[in-house]
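Asks: Each chain, written out:
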Amino acid sequence: MARSDYEYPGYERSGVSYWSKTTILYLLVTAGALWMTLPFWWTLTTSLSASPTAATVSFIPAEFTFQNFITLWERPDILLVRWFLNTMLFAGAVTAFNLTFDSLAGYALAKVDFWGREKIFLGFISTMMIPGMVTLIPVYLLLVELGWVNTYQGLIAPLVAQPLGIFLLRQHFKSLPSALGDAAKIDGCNEFQTFYKVYLPLAKPALATLGIFTFMGAWNNFQWPLIIANGAEMYTLPIALFAVRNQYFAEWGLMMAAALIIVAPVIVAFLAAQNYFIQGMSLSGMKG
Amino acid sequence: MATEPLQSTAERTTERLRSVLHNLKGYAGITEDQNNLMGFAFIAPNILVFSLFLLGPVLFAFYVSFQEWSILAGAGEWTGIGNYVDVLEPLPISYVDGSLQWRPEVFMDPSTSLWWYSLKNTFVYAIGTVPLQIFGGLAVALMLDKRVRLKKAYRAAYFMPVMLSGAASAVMWRWFLAGDGVINGILPTFLEHNWAGDPGTALGGVMLMAIWGGIGSNMIFFLAGLQNIPEELYEAARIDGASRWHRFRHVTWPSLGNTNFFVFVMAIISAFQVFGIALVFSQGGPVYATTTTVLLIYQRAFEEGAFGEGAAMAFLLFLLIFAFSYYQYRYREETEVDY
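Sequence lines, in order, name chains A and B.
Once you know that position 21 of the first sequence is 21 in my numbering, the rest is easy, because the numbers rise by one and skip nothing.
Once you know that position 327 of the second sequence is 327 in my numbering, the rest is easy, because the numbers rise by one and skip nothing.
The reader is advised that the hints may include incorrect statements.
[As the list claims (entries may be wrong)] The calculated BS3-like cross-link candidates involving lysine-lysine, where the alpha carbons are at most 27 angstroms apart (straight line), are:
(1) A/Lys174 to A/Lys185
(2) A/Lys174 to A/Lys204
(3) A/Lys119 to A/Lys174
(4) A/Lys119 to B/Lys152
(5) B/Lys151 to A/Lys21
(6) A/Lys119 to B/Lys151
(7) A/Lys204 to A/Lys185
(8) A/Lys204 to B/Lys152
(9) A/Lys197 to A/Lys185
(10) A/Lys174 to A/Lys197
[As the list claims (entries may be wrong)] Pair ranges (Cβ atoms, derived):
(11) A/Pro265 to B/Leu100: 54 to 60 angstroms
(12) B/Leu88 to A/Ile24: 36 to 42 angstroms
(13) B/Asp86 to A/Met128: 29 to 35 angstroms
(14) A/Leu79 to B/Phe62: 47 to 53 angstroms
Derived from the structure by calculation, the hints contain no laboratory data.
The beta-carbon is built from N, C-alpha and C at its ideal position, and this holds for glycine as well.
With the rest of the complex left out, here is chain B (with noise of 0.2 angstroms):
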C-alpha cells in the first residue's frame, strides 16, 4: 500500500521519458517537411551569393570567352574560338617540314606573344618563390617548436608580414629595391644595382618580396602540422637509435603529409595568380619584366576593354590550375602513408 504511489510516479516518469524519446526520434514533433524547409532557408542567402557571384559568373565566363564583347552595349558578337586561337598564337611548337618544332623563342620576347612570355614569368616565379616559402616556413616551425625563449615573440616576427596587404608590402619593397633605396645602401658598393628598375632583376624583386610575406603563413601550418604528431613516434625512433635526420626524414616528413600537400597545393595556386604585388610594385614592367598571366588578364580586360579575351586567358589559366591540382591529388593516393 505504501509503496504504490512510488510505483506510479516511477511509471508515470517512465511514460514521459517515453514520450520525449518519441519526440526526439522526429526531432520533438517537428517533421521532416519542416527540417526540409528550414534548413533550405539557413542556406538560402548562401546559394543565392553562390550562384549569382560563383557559377552563375564561371557559365558567363565561358560563354563571354566566345565572343568579342563590348561593355556599351552589354552584349557581345561571336567570334567562336578567336580569342583563344588570337592569345595562343604564335604556338611554342610548330608543324614544319612533317615534324614538330619547338620554339623557345616564343617565350622569350614579349613582342611576339604575351601570353606566353607572361606565362614564362608565372612558371619563373612560381619556381622560385614556392619551395623557398615552404621549405622556409617549415625550417622555422622546426626551429619554433623546439624550447625557444621568446617563442611568442619570435612567432609574431615571422607572421607580420602575413598581415600586411600585398599593395603596402609592394610599395615598401619598391622603395628597399630602388636605385637610391635602402638595400643598396647596406650592400657593398659593388653589388650596387637598381634591382627594381632593370627588367633583368625586377621579377626577382617581386620574389623576394613574395618569399618575405610567405613564410609566415606556411610556419603556422607546419606548427600545426607538427603537433599533431604523437610522441609516441619520436621515442620509438630514439629507442631504435634513430639520429636526429633520420628522425626528421622517418618521423616528421612523412606525419606531414597532409601539411605539406595543402600547403604546396595553395602555394602552387595562389603563386600562379599573383597579381596585385607585381601591378603595384612596377607596373608590369619594366617591358613586361613583370607582367604575370593575371596581371595580362587584368590589363587587357579592365584597362584595353577586351573583355572577351581576358575571359579566354582566364579560362586558359584555370585549366592549368586545374591540371596541376588533379596532378597533385592523384599523385598524393598513390603515396599516401597511413600510421
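One chain only, chain A, in its complex shape (with noise of 0.2 angstroms):
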C-alpha cells in the first residue's frame, strides 16, 4: 500500500486542506458505494412490495409481503426447487471436474518432465484467446448429433477443463519445491501417489479459490445453458429468470423476487469468504 502524504515530513495530519481533502474522499468513495450497492436494495423492497412503484420502494419501502414469493412457489409453471437443483447439480458438476482436471494438468505441466510440456502449456493457454460465441454453433451442432440437446450431459461436458484454471494451478505447483517430490518417490511413491498424497493437498488454497470462482462462473452462466436447456425442466436459474421474465413481464414485484432468489446465495457466499471471491478475481488478472 502506498504510504499516504501526511506520513512524510512537512504535510500535516490537520488543517483545512488535510480535512478538506479527506471529506471529498470520504464522499467520493461513498457516492459510488452507494451507486454500486443501491440497485440491491430496490430489487429487495420491490420483492416485498404488492404493487411496487417508484414511490413505495425507492428508499423507504411503504409496503412489506412476501406475497411475490409466495406467488412464485405456487405458480404451476414456476418450477423453483427444480432449477435451484438444476443449477446446484450443473454448477457443483463443472466446478468438480474443473477442480479435478485442472489440477491433474496443471500438476503434469509444473513438475513433470516429459516431451513437449512448454509447447503443449502453450497451446493450452492459447485456446483463451477463442471467443465463446465462435465455438457456440459447432458445439451445439456436435451435441445435437450426441442427442445431448436438453441433458445434463449436454449442459456440462463442453465446461469440464478451462485454460485458467490449469495456467493458475500450475503456477501454484511450480511454486512448491520438487524436493518434496524427489522425497516422496524415494519413499517409495509412484507419480499419482506423489501427486494425490503431497502435491495436492498443499494446493488446497489455490482449488478453494479456483473452486469457488468456477462455481460463480456456471452459476451466473447464461449463453451456454440458454442454447442447450430448452426444456422447463432443465433450466437453470438464470434461464429460468429469462423465461419468467418473458412471461410475466412489467410484474416487477414477482420479477425482482425471482432476481433475488439467484443473488442471494452468491451474496451470502461473497460475504462469507470475501477473500477468496477477491483472490479468485485478482488471480484471473494475473495471466495478462
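Work from the hints to combine the two standalone chains into their complex.
Replies: Okay, structure coming up:
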C-alpha cells in the first residue's frame, strides 16, 4: 500500500486542507458505493412490495409482504426447487470436473518432465484467445448429433476444463519445492501418489479460490444453458429468470423476487468468504 | 582403531547419498519413457476436452460457415462464400463511377443491413462502456489504496455487482429504467423518460448497467497492480519534489503498464461479445436498438436456424477481435517501459 503524504515531514494530518481533502475523498467513495449497492436495496424492497411503484420502493419501503415469493412458489409453471437443484448440479459438477482435470494438468505441466511440455502448455493457454461465440454453434451441432441437447451431460460436458484453471494451478504447483516430490519418490510413491498425497493437499488454498470462482461462473452462466437447456425442466436459474421475465413481464414485484433468489446465495457466499472471491478475481488478472 | 567404525559410517553415508543423488537425476529411478507416459496421462482429459469442444469446433465452424446448414439432416449444402456475401452486403463502401464512396447510412438503418447496424451498436457500446469501466475502476482503486476506514466494506460494496448473473442484473435494471421505474421516481419530473422503451436510450440503459457491473472487477485488478509498485519509486519522486499529479503521471501510471494492457484488452474483448444482458434487458429491441453482433448471431442461428450464416458472422467478429488484440499487442511491444 502506498504511504500517504501525511506520513512525510512537511505534511500534517490536520489543517483545513487535510480535512477538506479527506472529506471529499470519503464523499466520493461513499457516493460510488451507494451507486453500487442501491440497486440491491431496490431489488429487495420491490420484491417485498405487492404493487411496486417508484414511490413505494425507492428508499424507505411503504409495504412489506412476502406475497411475491409465495406466488413464485405456488405458480405451477415455476419449478423453483427443480431449477435450484439443476443449477446446483450443473455448477457443482462443472466445478468438480474442473478442479480434477485442471489440477492433474497443472501438476503435470509444472512437475513432470515430459516431452513437449512447454509447447503443450502454450497450446493450452492460447485456446483462451478463442471467443466463446465461435465455438457455440459447432458445439451445439455436435451435441445435436450426440442427442445431448436438453440433458445434464450436454449442459456440463463442454465446460469441464478451462485453460485459466490450468494456468493458475500450474503456477501454484511450480511455486512448491520439487524436493518434496523427490522425497516421496524415494519413499516409493509413484507419480500419481506423489501428486495426490504430497502436492494436492498443499494446493488446497489455490483449489478453494479456483473452485469458488468456477462455481460462481457456472452459477451465473447464461449463454451455454440458454442454448442447450430448451425444456423448462432443464433450466438453470438464469435461464429460468429469462423465461419468467418473458412470461410475467411488468410484474416487477414477482420478477425482483425471482432475481433475488438467484442473487442471494452468491451474495451470502461472498460475504462469508470475501477474500476467496477477491483473490480469485485478482488471480484471473495475473495472466495478463 | 577406534576411529575405524566411525569412518566406515561416514563412508557408508556418502555412498548412500551418492546413490540417492544418482537416483534423483533420473527422478528416483523413473525413466524418461515413464515420465512421458505419466505426463500425457495427466493431461489426457484436457487434451480430449479441448480438442472436442474448442479446437475441433473452430475448424468445424469454419466449415459450416460455407454451408447452408440443415439441423434436421445434420449436414449442409456447399454455398461457397454465399453466407459471407449475404452478411456483408450492402457494404458501407461502394464503387460508383470509378471512385470509392463511403455510405454511412448502412450503419444507421436496421432495415438495410442488420449486420452493420449491430456492429455499430457494438462499437457504441464498447466506446461508451470500456473507458468508464476502466477509469472508474482505477479511480476507485486509487481512493481505496489510501488509508481509508472501512476499506474492506467499501471494497465489498464495489465488488457486489461483479458477482451478479448478467440475467439478474438485466432484469433488475429493466425495472429501474422502466417508465414507472425507480430511476424516474428519483429524477425531477422534466427528466422523466421511458429509458428502456425508447430506441434512442435503450442501448444507453444497457451501457449504464454494464458500467455498473464492470467497475468492481477492474478495481480489483488495479488494486493488485498498485500493490506491486515499489514504494521506493514514490520516495524518490517525493525527494525530487514531484506533486501528487506528477507522481501519478510518472510513477503510478507507467508502473501499471501490464495491468492497463490486460484490463483494456479484456474489457474490449468482452464488450465485443456482449450478449446476455442485451437479450434479457430488451431482447435486442426496441427496433433493434440493442441488437449487438453476438445477439444477432444468436438470433440468426438459434432462433431462425440459419447456422451457416451465424457461423460466418461469428468468424467475421472473431477476425475483428483478433485484429484488435494483435494490434494492441504490437503497440504495447513498441511502447513498453521497463523499470
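Asks: Look at each hint and say if it fits the structure.
Replies: Going down the list of hints, with the structure as the test:
1. A/Lys174 to A/Lys185: Holds - the C-alpha atoms of lysine 185 of chain A and lysine 174 of chain A are around 18 angstroms apart, at most 27 angstroms.
2. A/Lys174 to A/Lys204: 14 angstroms, holds
3. A/Lys119 to A/Lys174: 17 angstroms, holds
4. A/Lys119 to B/Lys152: Measuring from Cα to Cα gives roughly 41 angstroms; hence the hint is violated.
5. B/Lys151 to A/Lys21: 17 angstroms, holds
6. A/Lys119 to B/Lys151: 43 angstroms, violated
7. A/Lys204 to A/Lys185: Roughly 21 angstroms between the alpha carbons, so the hint for lysine 204 of chain A and lysine 185 of chain A holds.
8. A/Lys204 to B/Lys152: 24 angstroms, holds
9. A/Lys197 to A/Lys185: Given that 27 angstroms is the threshold and the Cα spacing comes to 11 angstroms, the pair holds.
10. A/Lys174 to A/Lys197: Measuring from Cα to Cα gives roughly 17 angstroms; hence the hint holds.
11. A/Pro265 to B/Leu100: 54 to 60 angstroms: 56 angstroms, holds
12. B/Leu88 to A/Ile24: 36 to 42 angstroms: The hint (36 to 42 angstroms, Cβ to Cβ) is violated, given that leucine 88 of chain B and isoleucine 24 of chain A are roughly 51 angstroms apart.
13. B/Asp86 to A/Met128: 29 to 35 angstroms: Holds, at about 31 angstroms.
14. A/Leu79 to B/Phe62: 47 to 53 angstroms: 39 angstroms Cβ-Cβ, so the 47 to 53 angstroms window is violated.
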